[in-house]
Amino acid sequence: MDDVKSSYRISERPNELIDRSKPIQFTFEGRAYGAFVGDTIASALAANGVRMVARSFKYHRPRGLRAHGHSTDAMVQIGERVSESMWLVQVEDGMVVTSAQTAPMYEDRPLSMVEQLDRDGSIGVRYKTLIHPRSEWNAREQLMREGAGLGELDEASDVDSGYSKRYLHADVAVVGAGPAGMRAALSAADAGATVILFDENRFLGGHLAINGLSATQCPGLIEGVQAHSRVDVRLNALVSGVFEDGWLFVTQGQQLLKVRAGATVFATGAEDQPQIFANNDLPGVMLGSAVARLLHRYGVAPGGSTLIATANEDGWQLAAALHAVGVRVTVADERASGGVLSERAIAAGVMVHWRCVIQAATGNDAVDGYQLKQLDTGTIREGACSCIALCTGWAPRYDLPYLAGCKFSYDDARHEFLPSHAAANCFLAGRVTGVHSFDAELLQAELAGKSAAHAAGIGEAPDANLVARVAAAESAQTPRTSSIYRTEGTGKQFVDFDKDVTVTDVRDAVTESFNSVELLKRYTKISTGPSQGKWSSAATIRLLADLNGETVAQTGKTTSRAPARPIKLRHLAGQMLEPVRYTPVHHWHVAHGAEMMEAGLWMRPRDYGDVSAEISTVRSSVGIIDVSTLGKIKLTGPGVPALLDKLYINSFSKLKVGRVRYGIMCNSEGVIIDDGVTARVAENEWYMSTTSGGAGSVYEWIQWWVQSGWGDGVHVTSVTEGRAAFNVTGPRARDLLSQLTDADLSNSAFPYMRSRDIAISGVDCRVLRIGFTGELSYEVHAPSSQSLHVWEAIMAAGEQYGIKPFGMEAQRVLRLEKGHIIVGHDTDPLTNPLMANQAWAVKLNKDDFLGKRLIWRASERGVKQKLVGFKMVTPDVVPEEGLQIVKQVEPSPSYPIGLRIIGWIASCKFSPTLGEVIGLCWLPTELAEQVGQAFSIRRNGELIDAATHHGAFYDVDGQRLRS
Amino acid sequence: MTQRLSPLHVVQKRANLTHKDQAGWLIAVAENDAAAVTVSDCSQDSNLQIEGTHAADFVRNVFGSVPQRTGAVISKDGIDIGQLAATRYILRGGAGADRDLAERLQIAAGSRHITITNQTDGIGGLHIVGERAAVVMSMLCGLDFAVTAFPIGSMRVSSFAKVRSTIWHTPSGYRIYAGRSYLEYLATVTQEAATLAT
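These protein sequences, in sequence, are chains A and B.
The first sequence begins at 1 in our numbering and counts up one residue at a time.
The second sequence begins at 1001 in our numbering and counts up one residue at a time.
Okay, chain A solo, but in the shape it has when bound (with noise of 0.2 Å):
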């Protein structure tokens, strides 16, 4: 067993990001730590010895820090805040962290077993084992749902903090702020054109700053860029996704930003690459970047004793880096010899073993120890650390190129993708094309900043002598990555981190023929986490290759999709916005009294406190709504009758100018999509009203059919905003509305079903004589603007009346008297006419209309359901909308409580002019075509009696709207 210590921050190192003056305190899983300003969430626990900060998704085991950035593993949840990555999140003091990933428990394994059942753990669960038994896959589906923690939204929270979005444009974009995108955003702005260096580090100079480097390699890069009037720095800046013509999506901070520009250089860098070996998922294992970057930038050590997997320079530079802060050091180095860096790094007495790689880790929770493997001899070597450090081999970081059409091929001498097709106006730089050499990249990318300027139309192209030293360079590049990616050893072996993938579950659904590599992904799952396969791609690729007896060119490579790096839902959402609309008198509707509702994204009034009052008040003298919400469409052309007369069931072609009609509308089904009024304004103008909520939809529906031929030359504009609308209603609406015009609203002169155009209270006012309570009604259209006056006017000269404002409630019980049906409300998306009882406005000898061939199917077959009036029977009870209508039959295992729905209540209100409950229902047709039939309505639990009735319950013959 290793030496395990209480501390593991090592002293000052230079460019560190801590403030070691700055102490503070968090708590992770309930336990307290200390950190200083400046430290990630990921370098505290390091720093204090955590090793454990999580347990894995499908087999529970526990997982420590492995590689820096985003993975399944290093989720937390901070607050209200899920999904953060402990490696990218600043410590607070008295910040409280959970992992995401612990639950139900973070150190005892409940949840351990799984690991050992092959059937809940083995590959493609989800698709076919845990469905069987039927019986138990709730149970399971909770366990799995448990176990897979992902952290706890707060639905109470506050979701609207800030979000946003915005526009960015630049000459030239640089993605990866390293010495090569320095190097080629200088150079790029040298030539003159204006750049934007985005990083989603805090730091400027990429892999050197990590590597502790920068101070001596990177000279006139770091200030350079800082200093350039034309460079524009954005650190903590995640480039996510590439679109067509270069469009970056960017998130940094709160802000979410499109980035527009001329050309694009990407400077993305490399990812180290673990090797697959036996429990390579112990706490303790991890990538060498991510101990340097621990190392470097916070000065924390996190082994006492390290084993080093290595197979090139960049592990002995590691070696040196921890050997010399007092770390013990072994380094197991596939090759038969080093270079200078490992002459040094031995000669200082760091260990080596030649020609071994690593075969397995060894501990229960976390690394106690290795086996290593003699690749000449093949003997086995075992010996103690605590930490095991891979820096065998790196992966291109091509994820964005790709997604801007840029193409990658397999290098077979260099076990990686390298760069084979650039897209237009993409530029390369650095290690994401495979240059590992610190002057090969610069050289690389003063190239890769002249081209993209130039290309911006910035400045001359690159001379050929320039082009010539980077072709030469870049062909010098010796290997880095080892030939060997995995090792056979006696323990679980991991493909994928995220999603718990190991060697042999990709065997076995290689052995299902899933053996594809796109039918692999979304089998297995590998690469669809957090961490979008940026450590298991490349493995995965060549394990596949492997079982496939193929080359990993043959085998291929899975398809990059944006969002290459996770981002908040919050970033796509923006700002959370809830548009409502409010009337023109809105404000005098509040002011007296009314109980605002809303009505889709209208706030109407429900009442003035006494709905039967301004029922009575509606029936024995006058009252007004305001109906300011109806749709009110303007059309106009000589086409319009032709056009009406195929969107309406009925007929308006011979409409005369000055009248009105009731139309009901069908979509090609013949299902009712809406209802309302049209008048014929003038001989080519025609005014539509419609249903509040079919306000937009009609429009749209209109403009489509005209689009498409029909309706020539017909010119279709909403004009429901521009004029409020307002229902005066009641025997005395005449009296009422005479005192403010001049016109004569006589019936003689003004009959039912008119439209006229004059002034109200001095304002010029549109007016139709239709209702919908069954009164004598006014519908008085007035410009929005002066709305506010003439409904005024209209409540001072009923004063004398007693008028009253009434709301919905008043409205819904009204109609229902006359026998109304609400469009939505009353209908489903199945109803036809027919079944609405409309049958009396469907003109199936017209020569066509939308939804006739199925009406007239129906007509000629007969409907199974109709919508019918009805009364209650069972006294002072007022059944609620929806309740079932039912029969009763014997029982039987169909009907077990001996009870066959046969319908359900569509509208039920308790009728102060009737002193009746009525309403509306859907029944069997041959139940609801008699009247006083007697039915059932099942209602909490008890049965309820109520009988049919036919056509309307008030003012049957409809003589009081027509007065």
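Please note that the accuracy of each hint is not assured.
To be verified - Simulated coverage check for chain A against chain B, where a stretch passes if three residues somewhere in it have a Cβ under 8 Å from a Cβ of chain B:
1) 517-529
2) 569-583
Claimed, not checked - Below are the EDC-like pairs computed for lysine to aspartate or glutamate, each with C-alpha atoms no more than 20 Å apart in a straight line:
3) A:Lys165 to B:Asp1144
4) A:Lys165 to B:Glu1131
5) B:Lys1162 to A:Glu598
6) A:Lys165 to B:Glu1192
7) A:Lys634 to B:Glu1192
8) A:Lys258 to B:Asp1144
9) A:Lys646 to A:Glu683
10) B:Lys1013 to A:Glu518
11) A:Lys407 to A:Glu518
12) B:Lys1162 to A:Glu578
13) B:Lys1162 to B:Glu1131
14) A:Lys843 to A:Glu860
15) B:Lys1162 to B:Glu1192
16) B:Lys1162 to A:Glu700
17) A:Lys646 to A:Glu598
18) A:Lys492 to A:Asp508
Simulated from the structure, these hints should not be mistaken for lab results.
Computed from a predicted structure; not experimentally measured.
No residue lacks a Cβ here, since even glycine has one placed at the ideal position from N, Cα and C.
Knowing the structure of chain A, use the given hints to seat chain B on it.
Just chain B, lined up with the frame of chain A:
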């Protein structure tokens, strides 16, 4: 004549703003400050729409020229004319000009099938001014507000705070016109965005 009221009239009264008559409209007197961004009511602006297969010819005959592409704007006699589509144009002018202008256009149209709709009463407007105006616009609208993408003297139709709006980029700032019923909501969220942006 009955004075015309902005959809923000009551809200402005509650905020103790002073109103004055401007060509038949009761207009709140805007405070004249030098804030980084200010949001004011311009619902009194005239808004008319011209539609028809021969709308371009009609506009050219009446005004002497016509915008040549969608989103383009020309100015004639104090009226901005923007092209919504090849067959549809929108006219924007000062307060109180709408009814006379509509009548004049109707007469000019004669018997031609040109539809002229005075939308003034149905539209509310906000005027966003100041050095941070583009930032405020970006917070509420997905359009690219860089002057190269949305130059001064052009217009766009887009979703602004989730409401379909017509946005004009004028020398003084941005003018947003949307359905009158939305204006109180739009004024609120725009003011909030302005506060955040500064």
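Provide an ascending list of the numbers of those earlier hints which the structure does not satisfy.
-> When the structure is compared with the hints, numbers 1, 7, 10, 13, 17 turn out to be violated.
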